Amino acid sequence: MLKVLKNLVDDIGACMMFLRDMIRTGIRTPCTWEAVCVQIWKVTVQSLPTTMMAGFFVGAIMTVQFTMQIKAFGALGYLGGLATSATVREVGPLLIAFLLSGKVGAFTSAELGTMRVTEQIDAIRCLGANPLQEIILPRFLGIVISSFILLAAGLLMSIFGGLILGAFFAGINPEEYIRHIPTIVSKFSIYSGLFKCLVFAMILASVCTYKGYTATGGAKGVGRAVVSTAVMTMVGIVVSDWLTSLLSETTLVLFRGDLF
Amino acid sequence: MISFQNVRKSFGEREILKGISFDVPEGEILFILGTSGTGKSVLLKNIVGLLKPTSGAIVVDGQDVANMSEEQMFPVRRKCGMVFQHPALFDSLSIFENVAFGLRKHQPELDEEQVRERVARCLNLVQLKGVENKLPQEISYGMQKRASLARTVAVNPRILLFDEPTTGLDPVTTNAINQLIFELSRKLKTTSLVVSHDMHCALAIADRIIVLDKGHIVDQGTPDALKKSSHPLVRDFLKEALSAEGS
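Protein chains in written order, with the working numbering: chain A, 1 to 260; chain D, 1 to 247.
In isolation and in its complexed conformation, chain A is listed as follows (with noise of 0.2 Å):
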């Protein structure tokens, strides 16, 4: 149990030293936007059928619950808001997150990790050049920035799975749902959703570009980097996802003292 939790805490520190070696290189030596354009493109295409697909089940799971909820206080009109709200609070984040962990996170893990044992990342460095800035930082952007895109277009198919659940399942005129989504869905609640997906964005980039940056040990190696990108990326969402959200109340009560 100690040697599990010492491991732990050995790969988180040396993650955010990674972190800190990949931030000072874009600092001294940033990579070609051409390079980040390309990581975002494969990323968000790698990536956008599935995020539109769970997020158009997400609006409409969300809108099938709260129907049964608030259809007793006769308050259907708000069903829009409080779908979105939560969408866009919560579920939406955590649910590109989860996606990319296990779809981009993965394989930008073994695709690093491939690099590393065939020497093709020492090779780099034996060329003069730096990989951290040349892989490791478009991939990194790439993935972050991607992340809100991907966000973007979840909450655009959520909103549109929950108004045709919400016409079908409740009987709520379309008009009416989004109508009342302003209503309910603050900009604090977009800062909020916005600030999580950093959050969640970073940690899986910080996580997978580490783990296959750092595989040794040939094909066993990359599968071990692969497994322990996802069980790191998993358990680091869960919990900064409760580490934001009593930041994001305790700053909500503190500054505005309401509740949305």
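Incorrect hints may appear among the rest.
To list a few chain D residues with every Cβ distance to chain A over 12 Å, as calculated [claimed, not checked]:
1) 110
2) 125
3) 216
4) 240
Partial pick of chain D residues on the chain A-facing surface, computed with a CB cut under 8 Å [to be verified]:
5) 48
6) 74
7) 77
8) 78
9) 80
10) 82
11) 86
12) 88
13) 90
14) 101
15) 102
16) 105
17) 106
18) 135
19) 180
What follows is a set of in silico ranges between Cβ atoms, one per label pair, in the way DEER data are often shown [as the list claims (entries may be wrong)]:
20) 52/D with 187/A: 47 to 53 Å
21) 221/A with 240/D: 30 to 36 Å
22) 10/D with 2/A: 24 to 30 Å
23) 91/D with 37/A: 19 to 25 Å
24) 75/D with 27/A: 17 to 23 Å
25) 52/D with 16/A: 18 to 24 Å
26) 91/D with 33/A: 22 to 28 Å
27) 16/A with 91/D: 27 to 33 Å
28) 29/A with 91/D: 22 to 28 Å
Hints listed in this document are in silico derivations from the structure and should not be mistaken for laboratory results. Fair warning: this is a prediction, and the values are worked out from it, not measured in the lab. For each residue, glycine too, the CB sits at the ideal point set by N, CA and C.
Following the hints, put chain D in place on chain A, whose structure we already have.
Then chain D, alone, in the frame of chain A:
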């Protein structure tokens, strides 16, 4: 050009290099021979800072690289070209893009036409034609090794480091690669360090040979001098080389 001064390297409790000292003058082709696990590759990786020695000094072109940071190493690495045991080609890039990688990085003043011309010349030098647009996995292992060599020489390094360049190759390709190492070193007037366990090839093209065993230099000299060595390991290597010649 390169000087090892009492270099030691350990991995945990295990000491791989146990006080290695030797010099490599400019323009020399030096072969480092030894059985597997004697620290030959470790020695090479220490020159370009992929590994750091535990103690001792490694002087490359007048600079001690032993304690240099990653950033300080970049200009030193530009003087050195390393050919890895595996081809280590970037598998998401075509052969052309692989060879052009270093050029684009260090000579941004070259326009696309000049890059194309230089890549073609380097591929020609390693006798590879018509593979520019192929991905590394679409060509044979031997061709990948040659492409890797082309990528290394494209940036005009003054020092060439070869880590077991012929491992896993058939005898015909092995001979071709060895000939290529010799010709490239002479044509480009580079200093070459070749890590190998192929005494036959070392005798044919080396100016000098160093034999490593268990982290120590057990013998060194010109091919002719080494043929007279009485060290058992060197004798074993010679026996192997002579039997290869005989067959």
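Against chain A, with CB atoms and a cut of 8 Å, does the hint on residue 82/D hold up? Nearest chain A Cβ about 4 Å off; hint holds.
Interface restraint verdict for residue 80/D against chain A (beta-carbon cut-off 8 Å): 7 Å, holds
Would the non-interface assignment of residue 110/D survive a Cβ cutoff of 12 Å against chain A? 15 Å, holds
Report holds or violated for the interface hint on residue 48/D, using the least CB-CB distance to chain A and a cut-off of 8 Å. 5 Å, holds
Does residue 105/D hold up as a contact with chain A if the rule is Cβ-Cβ below 8 Å? Status holds, d = 5 Å.
Checking the smallest CB distance to chain A, is residue 125/D really beyond 12 Å? Given a closest Cβ separation of 17 Å, the condition holds.
Tell me if residue 88/D is really an interface residue toward chain A, meaning its C-beta lies closer than 8 Å to one of theirs. 4 Å, holds
Residue 75/D versus residue 27/A beta-carbon gap, inside 17 to 23 Å or not: Once the Cβ atoms are compared, 20 Å apart, the range 17 to 23 Å for residue 27/A and residue 75/D holds.
Under 8 Å, Cβ to Cβ, is where residue 101/D needs to be relative to chain A, so tell me if that hint holds or is violated. Constraint on residue 101/D satisfied, holds at 6 Å.
Next item in the hint list is residue 90/D. Is there a CB on chain A closer than 8 Å to its CB? 6 Å, holds
At the C-beta level, are residue 29/A and residue 91/D separated by a distance inside 22 to 28 Å? 24 Å, holds
Quick check on the hint: residue 78/D CB to chain A CB, less than 8 Å? 4 Å, holds
Checked against the numbered hints listed earlier, the structure breaks hints 18 and 19; every other hint is satisfied.
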